[in-house]
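**Student:** What follows is the residue order along each chain.
There are 2 protein chains.
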Amino acid sequence: MLTGGFLTVRRDVVALPDGQHATREFVQHPGAVAVVPILDDQRLVLVRQHRYPVDRVLLEFPAGKLDAGESTLACAMRELAEETGYTAAEWAFGGEIVNAAAYSTESLWIWFARGLTAGTVKLDAGEFVETVVCTEAELHELDRAGQLPDVKTIIGLHWLTAWRGGTRAMSFTSAGEHAEQETRTAPMMGQR
Amino acid sequence: MLTGGFLTVRRDVVALPDGQHATREFVQHPGAVAVVPILDDQRLVLVRQHRYPVDRVLLEFPAGKLDAGESTLACAMRELAEETGYTAAEWAFGGEIVNAAAYSTESLWIWFARGLTAGTVKLDAGEFVETVVCTEAELHELDRAGQLPDVKTIIGLHWLTAWRGGTRAMSFTSAGEHAEQETRTAPMMGQR
Numbered sequence: 019m020l021t022g023g024f025l026t027v028r029r030d031v032v033a034l035p036d037g038q039h040a041t042r043e044f045v046q047h048p049g050a051v052a053v054v055p056i057l058d059d060q061r062l063v064l065v066r067q068h069r070y071p072v073d074r075v076l077l078e079f080p081a082g083k084l085d086a087g088e089s090t091l092a093c094a095m096r097e098l099a100e101e102t103g104y105t106a107a108e109w110a111f112g113g114e115i116v117n118a119a120a121y122s123t124e125s126l127w128i129w130f131a132r133g134l135t136a137g138t139v140k141l142d143a144g145e146f147v148e149t150v151v152c153t154e155a156e157l158h159e160l161d162r163a164g165q166l167p168d169v170k171t172i173i174g175l176h177w178l179t180a181w182r183g184g185t186r187a188m189s190f191t192s193a194g195e196h197a198e199q200e201t202r203t204a205p206m207m208g209q210r
Numbered sequence: 019m020l021t022g023g024f025l026t027v028r029r030d031v032v033a034l035p036d037g038q039h040a041t042r043e044f045v046q047h048p049g050a051v052a053v054v055p056i057l058d059d060q061r062l063v064l065v066r067q068h069r070y071p072v073d074r075v076l077l078e079f080p081a082g083k084l085d086a087g088e089s090t091l092a093c094a095m096r097e098l099a100e101e102t103g104y105t106a107a108e109w110a111f112g113g114e115i116v117n118a119a120a121y122s123t124e125s126l127w128i129w130f131a132r133g134l135t136a137g138t139v140k141l142d143a144g145e146f147v148e149t150v151v152c153t154e155a156e157l158h159e160l161d162r163a164g165q166l167p168d169v170k171t172i173i174g175l176h177w178l179t180a181w182r183g184g185t186r187a188m189s190f191t192s193a194g195e196h197a198e199q200e201t202r203t204a205p206m207m208g209q210r
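Taken in order, these protein sequences are the chains called A and B. With positions in the first sequence counted from 1, the corresponding number in my numbering is that position plus 18. With positions in the second sequence counted from 1, the corresponding number in my numbering is that position plus 18.
Isolated chain A, as found in the complex (with noise of 0.2 Å):
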């Protein structure tokens, strides 16, 4: 196992089914969060930053990594403070997606949240994070223009769309009402 200062890569020898071993290498991730954050005017808040690994700069629904020992709706309710001020009354669980399958455990959960009220941005050393206030038509306009390449927020997007359109259910509640059973459901798979 390697252990860097942010990327942990793990290498396993697996049995496949016909009996024969392989190699897997993965990053191994504590899990993330995203946060829909639905303005009272039906606006959404975003944040915009520069993505090293990919050289671009982004335009995201907030998110950031669990600590550990931290449920989602806790995770989605720090970021949603630290990268934006904004602080909400109603919170959603949209669900849950697995973005790169392939070479990671990463999961990403992806909360909805309403019922803002602005505060005071409270940014980590280091981070560089604009917020961009966009309503749902323009984020469907950058979709389709190909300016809106980040997975969670293409499907909080059109998570929402679905929401809104009456075929997908969310239900919001208080964040304290949620705190039971979020303990009791999520995180929905073993991380390794």
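Bear in mind the hints are in silico, worked out from the structure with no lab data behind them. Certain hints may be false.
Partner residues are not named here, just some residues of chain B that face chain A (Cβ under 7 Å, in silico) [what the hints assert, rightly or not]:
no., residue
1, 42
2, 43
3, 72
4, 76
5, 118
6, 144
A virtual CB, placed ideally from N, CA and C, is assigned to each residue, including glycine.
Please arrange chain B on chain A, whose structure you already have, making use of the hints.
**Tutor:** Relative to chain A, chain B alone:
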């Protein structure tokens, strides 16, 4: 730089906007392609396989990594044939997504294929992949139920639905007609 049997991890020291320096570690990935294969009866061809890093059996659109110097369309044709046996008369480029921008250079280019003809599966050694045919409605039901977590598959499905609904444009032409355009426009981002 650590070079393993499969993953290459790179560590750079980067200058931040405030003049400080920081370390960035990331997976150096060749990029990948996913295919949304549309049968003449409008059903879709997917593959089911165990993904070791997340320890789950995932239902996914066929996909695979770019070979050196390979165009994204050539990769799409190769992966579709290898994993499902199908060849396609017409192709349309759907879009490019980035799935792990915080720690991987990977981009995924999503192609749509129609005019499908069945053939023989040619899996790599150690590859255990089952072909599955689903309707668009069945996939949306799985997505709503949290049983379609793979990001390229969710995004391909939603783009397909937007195209069928008339809110997203796609231009299907023969592979030959695409070749020149492909050379000019993709890959659209620099691979480090």
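**Student:** Which hints from the list above does the structure break, by number from lowest to highest?
**Tutor:** none
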